[in-house]
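Given these sequences and hints, build the entire structure.
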Amino acid sequence: MDFKSSDTIPGPRTEDHLPQTAQAAVKIVIVGGFGVGKTTMVGSVSEIRPLTTEETMTQAGVGVDDNYGSDSKTATTVAMDFGRISITDRLVLYLFGTPGQERFWFLWNGLFEGALGAVVLVDTRRLEVSFDVIGRLEERGVPFAVAVNSFPDAPRYPVEELRTALDLAPDIPIVECDARRRSSSRDVLMTLMRFLHSLAMTGALV
Amino acid sequence: MTPPQRKRRHPGQEPPPPPPPPRAAEPGGEEQGRPKNPERLYVITGPDGARAELDLVTLIVAREEIPPSVTPEQATLLRLCTSPLSVAELSAYLGLPFSAMTVLITELITAGLVQARAPIVRQALPDRSILEAVMHGLQKL
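The listed protein sequences derive, respectively, from chains A and B.
Note that UniProt numbering has the first sequence beginning at 1, numbered continuously upward.
Note that UniProt numbering has the second sequence beginning at 1, numbered continuously upward.
Be a bit skeptical, because a hint or two may be false.
Restraint ranges, calculated between C-beta atoms of paired labels, are given here [stated by the list, open to error]:
1. A:P10 - B:A118: 26 to 36 angstroms
2. B:S69 - A:T21: 53 to 63 angstroms
3. A:E113 - B:S69: 48 to 58 angstroms
4. B:G12 - A:S86: 30 to 40 angstroms
5. B:D127 - A:A75: 47 to 57 angstroms
6. B:R63 - A:R194: 35 to 45 angstroms
7. A:R140 - B:R128: 33 to 43 angstroms
8. A:M201 - B:P72: 14 to 24 angstroms
9. B:H136 - A:F151: 23 to 33 angstroms
In short, the hints are calculated from the structure, not lab data.
No residue lacks a Cβ here, since even glycine has one placed at the ideal position from N, Cα and C.
The following block contains the structure:
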């Protein structure tokens, strides 16, 4: 079935309704390699149960060469988990993360262009899975902060060693976090916001 | 132990080639019940395919009572957004891809049945008051 009938649509719960005064929204994108805890972070700070939206892209539309079969119109579905935080009666913050296929997000028009900024979540056991996504943010000029999700058995590196390994500019914030904890995820978002604010103060935000 | 080493990129740099598409959708889970047939989406969104400039976080609000002339799909959407909801949330609740959602909403905007409240996006001119409002809101969490 393509469009669920109206009596089966699970709309927002009563407590999930935004006030009529909600005038505008902003968004932050949480990126990182597969399994680093992006969805966990979205869920830990969201005021609503995280939801999933998706977009379908055709292979032809994304410029992939067709080494992977003769059908040049293979459809790719990119799923995106998201959550919401009401900032004021008028302003709402949305957080987008995704369960994998991270390189496809950048084909999603407007996702990063309109975002205030991004959080790159990294796992020190697999630092290299974040390399590509960081590079793509740099190419697009999307401001970001790096959050190290502290898995118990993950190697600990000094911040400056991580900065060197990730080849990050000196001003880019790096913080440790536990994505499962609301306060810790909140602090990561605060770190990003302070960074964006400092960029705005110096006129560097583009 | 030494961590692996990345090399920094810069704005406007040539991106590496995009990844190959997945061979097939993963079985089960979220794939079920989602639209697969482009023809069906065409029916839902109408023949013209026109779209408004809608973002994932554009807030959509129904303007008035649901008129009897709307399609069942439009009526469902209108019922969902009696209080403001983002395009992303509507997409999630209705199980429709974002692009199909924007076409459906555009029809309702054109018909004057919903209002779109545009998001605040990152701009060349910094808007510190928005950043400060977000920081203040997060501190209260």
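Evaluation of the provided hints:
One distance hint, 26 to 36 angstroms for the beta-carbon pair P10 (chain A) and A118 (chain B), holds here, with the actual separation near 27 angstroms. The hint said 53 to 63 angstroms for the Cβ distance between S69 (chain B) and T21 (chain A), and at roughly 30 angstroms that hint is violated. Roughly 36 angstroms separates the CB atoms of E113 (chain A) and S69 (chain B), a value that falls outside the hinted 48 to 58 angstroms. At about 37 angstroms, the beta-carbon gap between G12 (chain B) and S86 (chain A) stays in the expected band of 30 to 40 angstroms.
Taking 47 to 57 angstroms as the suggested C-beta distance range, the pair D127 (chain B) and A75 (chain A) does not conform, at roughly 38 angstroms. A C-beta distance of roughly 39 angstroms is found between R63 (chain B) and R194 (chain A), which places it inside the suggested range of 35 to 45 angstroms. About 22 angstroms separates the C-beta atoms of R140 (chain A) and R128 (chain B), a value inconsistent with the hinted range of 33 to 43 angstroms. Here the CB-CB span from M201 (chain A) to P72 (chain B) is close to 51 angstroms, at odds with the stated 14 to 24 angstroms.
Between H136 (chain B) and F151 (chain A) the C-beta distance comes to about 32 angstroms, which sits within the given range of 23 to 33 angstroms.
When each numbered hint is compared with the structure, violations occur for hints 2, 3, 5, 7 and 8.
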